[in-house]
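Undergrad: With these hints in hand, go ahead and build the complete structure from the sequences.
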Amino acid sequence: MSSSFAQSQAQLAGIAQQHAELRAAVDAGELWMDADVAERAATRCDQAVKELDDWLAGAEVLTRKRKFGTNEDGEAAAEAFAQAGREYLDTLKNAQRVIANMAETFRAAGRTAAQADEAGQQMIRGTGE
Amino acid sequence: MTPSHPALASVVVTAGLLLSGCGSAASDTPDPLRVADASGVDMCTILTEAELSALGIEPDTRKPMNLLDVIGCRWRGDPFRLRLGRDGATVAEYIARREDPAFTSFRENTVNGRSGVQLSVQSDRTDCTQLIDGGSVSVEVSVAPAFSLEPRPLDSCAEALRIAEMIEPRLP
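Sequence lines, in order, name chains V and X.
For what it's worth, this note's numbering labels the leading residue of the first sequence as 1, then goes sequentially.
For what it's worth, this note's numbering labels the leading residue of the second sequence as 130, then goes sequentially.
Because the hints were derived from the structure by calculation, they are not lab data.
Small disclaimer: the values here were computed from a predicted structure and weren't measured.
Derived Cβ-Cβ restraints for the label pairs, each shown as a range: (1) Gly120(V) / Leu196(X): 53 to 63 Å; (2) Gln47(V) / Ser182(X): 13 to 23 Å; (3) Asp117(V) / Asp207(X): 27 to 37 Å; (4) Ala6(V) / Thr174(X): 38 to 48 Å; (5) Glu30(V) / Glu294(X): 49 to 59 Å; (6) Asp46(V) / Ser182(X): 12 to 22 Å; (7) Gly169(X) / Thr43(V): 38 to 48 Å; (8) Ala116(V) / Pro208(X): 33 to 43 Å.
Idealized CB from N, CA, C, for every residue including glycine.
TA: The following block contains the structure:
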């Protein structure tokens, strides 16, 4: 049986795949964003990464502090909880990676638009001379 | 009874050391120091802002926490984030749980002569919590790498021990 965290990991993998396709489109010059909009989106992603740091700190305490009995049921519960704790921490860290990559993509898309603007202006100046 | 005054604590420690030297065979491993109660220590202010900054911590990111009997503060920084707290569970209680599957690493150590424990809970063991004997509580210094898409190598346990050694002389 897969845990809910395993499902979250699978969803994150799907998001990462979609993001990789967007990044490829940005790198190919097929997708761009207004530089200000891109920076605002990237900044929000940066903030989300930091918020996940706070979640991680709390989850580490939760994982460390949980105690169960020394009987058979308690040991089984401890093992299950420890496993869930590790998966939760891994999921949070993977989410940070996905969101940080999104920030990079937004900034790249903003650079693409800025470069396209600059190229257009140079072309207009060249035509006018 | 646990002594709460530093002077009383030192008398108790001295008496304990004297008594342990009488009538008992010398041991290769010194007994850990008996320590005073650190349950009143404010871990949020035990390091100054200048000291935090020198460690790469951003003092303005301080967030208080009170979770499962762990009371303290956490900060973000580069190259690591930091959590300082006092934990209602003692070092001895953690040592009794050393086989708990929640811990991905666990080892006993000392911090300036006080008994301690270093443990990790993350699967990649990049985090490290250094616990220090604080009498009826343990004092925690937790270090984990700050998130980066290009992480640099960091020995979290070495950093946690270094910070714990800064803090230990300020404990009762």
